[in-house]
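One-letter residues, chain by chain:
Number of protein chains: 2
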Amino acid sequence: MKNITLPLPETLKISIIGLGYVGLPLAMAFARKFDVLGFDISSKRIQALNNGEDVTNEFSSDELSNRSITFACDADKLSSSDIFIIAVPTPVTDDLAPDLSMLREASTLVAQYLQGGNIVVYESTVYPGATEEECLPILEKISGLILNQDFYLGYSPERINPSDKVHKLENITKIVAGSDKFSANIIDALYSSIIDAGTFLASSIKVAEAAKVIENTQRDLNIALINEFAKIFSLINLDTEEVLKAAETKWNFIPFRPGLVGGHCIGVDPYYLTYKAKKLGYDPQVILSGRAINDGMPHFIAEQLFNRMLAQSINLNHANILILGYSFKENCNDFRNTKVHDLVLDIKNIVSSVDVYDPIIDVDDRKKIEHIYFEDNPKKNFYDAVILAVAHDAFRTLGIEKIRSFCKSEGIIYDLKHVFPAHQVDMRL
Amino acid sequence: MKNITLPLPETLKISIIGLGYVGLPLAMAFARKFDVLGFDISSKRIQALNNGEDVTNEFSSDELSNRSITFACDADKLSSSDIFIIAVPTPVTDDLAPDLSMLREASTLVAQYLQGGNIVVYESTVYPGATEEECLPILEKISGLILNQDFYLGYSPERINPSDKVHKLENITKIVAGSDKFSANIIDALYSSIIDAGTFLASSIKVAEAAKVIENTQRDLNIALINEFAKIFSLINLDTEEVLKAAETKWNFIPFRPGLVGGHCIGVDPYYLTYKAKKLGYDPQVILSGRAINDGMPHFIAEQLFNRMLAQSINLNHANILILGYSFKENCNDFRNTKVHDLVLDIKNIVSSVDVYDPIIDVDDRKKIEHIYFEDNPKKNFYDAVILAVAHDAFRTLGIEKIRSFCKSEGIIYDLKHVFPAHQVDMRL
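Sequences listed follow chains B and U, in order.
Under this note's numbering, think of the first position of the first sequence as 611, with each following residue one higher.
Under this note's numbering, think of the first position of the second sequence as 611, with each following residue one higher.
With the rest of the complex left out, here is chain B (with noise of 0.2 Å):
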């Protein structure tokens, strides 16, 4: 048995587990200061990566080929590793409980090559108490070790945001916690010498995994309330964009848009908390009713659009609807959890004819999508209606005259983001 020692070696060997949006910046700022082994169960992600291809487009070619890592999807490479982190993804079931199947078989494949004096450090958003009570009892029988004086364990949130040019990894504060004392010292030096921001050395794991859990609950629900308002305000006849342009004029406001909530952190982090609370009895319902609002929001839109739609005596049967944008956030291809779906399947309960325009979306992945037409030529003069649903800077460029010739004379345009000014649509959420 080895132990990590202060200051830390070059030659110390980090594996990083799981190479998506989390895993591999990490991989990527480490390997300017030790040997690092990228993991990722997906041979195709490694394939990719080995030709200098990042599909979560955070790097370029020339970015990956300077950058000095082993990409690899053979388990056996885990072997001689000082330090494991961990960054796979913690999705939901379909019942909205946390789903830790991956971070189990994280825990489950690092056990097979533990080491006395390894620390194993996971990055995944977890509810309170998650790492110690479900992935260390994992790491201790498999590896037949005993956490604090074999090995250690260590907790680091992610805070990446996906397609943030100006939030980078390196710029981010940086959360770090540890088993004891020892290991939390190592832990803060490891990510302190990646981390120009520097860290915050939490005191324990469990409150590093709360702050991590607290901090996209509270988006979620700041967005949920401004939904709330829009809901409101369409009943009142009154433009939300308006409403909340003249409150941000005061110091205290907090500029938060309406809009749908997908992808896999925002809509989802929150039901981990909420697992834990009820599992402990307590009934959360400021963040579930939160949730609630954000989840129908498509229903929503769809009725808005119905609405406006039957105002103007469109046939709902017969009308052709094109929806512009898939993914679940502006100016990046991930299409996990986004809400559009949902958006586009309620719209297709009336209505049949259903275009998706969405550039940024990966083509082969687009055949992989059930229920959904991609169109990548929108028809000229043959839509009554368009929901503009992903702020694409592809959709600004587009501009709004060449949105408005999709259309049928009297077509209606429905800005759910805000892209274009109010008098340049017909309706905004």
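Quick caveat, the hints were computed from the structure, so don't treat them as lab data.
A couple of the hints might just be wrong.
For identical chains, the list gives no copy identity; a pair is met inside one copy or between any two copies.
[Said to hold, decoys possible] Under the rule of at most 25 Å between Cα atoms (straight-line distance), these lysine-lysine pairs were calculated in the BS3-like manner:
1. K855 x K778
2. K855 x K791
3. K623 x K1018
4. K623 x K791
5. K1018 x K989
6. K654 x K977
7. K989 x K958
Please build the complex by placing chain U on the supplied structure of chain B, with the hints as guidance.
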């Protein structure tokens, strides 16, 4: 009939109706430029102001005497006003519905003195539509004058933050709106002349009303969310402040704190919006779930304390409890709708001896408060528990050692407001 013209003449006569937190600063500011009448139905308030005394502590005797304002409770002084500004309280009834009685009374009063060319501006917080639906008909009916022909209506929501020495009337952007373009421009010019931070001209009175009511609703809900976190964390044995401090290291985490939400704004305004929403058939579950948790905090706090006392084998029935602070806000002598009152009543359900110490609240005011025993000299070594309920600077000055000296040797200090470091107290919210 005379019409007000731009530039505004210095001979303009402005009457402010209601001289509370909102009306007095307005009167003081306008008096720098115009002929101002400050009207209040309370002869006691008028007498005090004429003696240079401001019970809200916003202005010193010198400031009051240096500003030329006629303070009056004689309604006839309202005659020959050019502009009426109504700044009366808009509380809620016992069943949490908007109480517009003072707004209607003020409108009735103004209507009797309304003349051609006048402008009536409302500053009171209401739901969107209330000014035109509830106040305007009173003005028109009693005066016999017609809107936008004989007189004009305006709305400029107050954004006063009581006892805030940084954000004052003059340096907070002021939203203004008028019943037509002419009056909007006059009102804009009027407020621009006293607000250094400038004005924001909203497109309608309804937009301005909506902007105001969502500001405090957002604040209420954000505190509710942190209160929900605090409740969950109490079950996981996590210190809420520690988690918040960690979360705040993310650039977009919004720094709210748990606590009691009382007073006449944050805990009240949301009910105005939910009242209107319900009238329109919408059930505002996000906003109301926030209200419910905030209103339930006194009970939660009492329970937390009782649990701790029982764990320390303190006999609840024979215990002595001291509450530090009674007003609804730190360093503020206003106790309208303070939730400390609810906390005291909740505790008194079980514990008979509860003393309240609040050096800021006026002695005469205290006498009028039922069910509360104010103790100016907390006894030494007497209390089984002390709750620090309001973060008055006076308690910081008093210091933790002095506060500890009020306790029996095993006495519990429960710091709701994180006034002292965690290790100096026994419990925190």
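*Report the numbers of all earlier hints that the structure fails to satisfy, in ascending order.*
3
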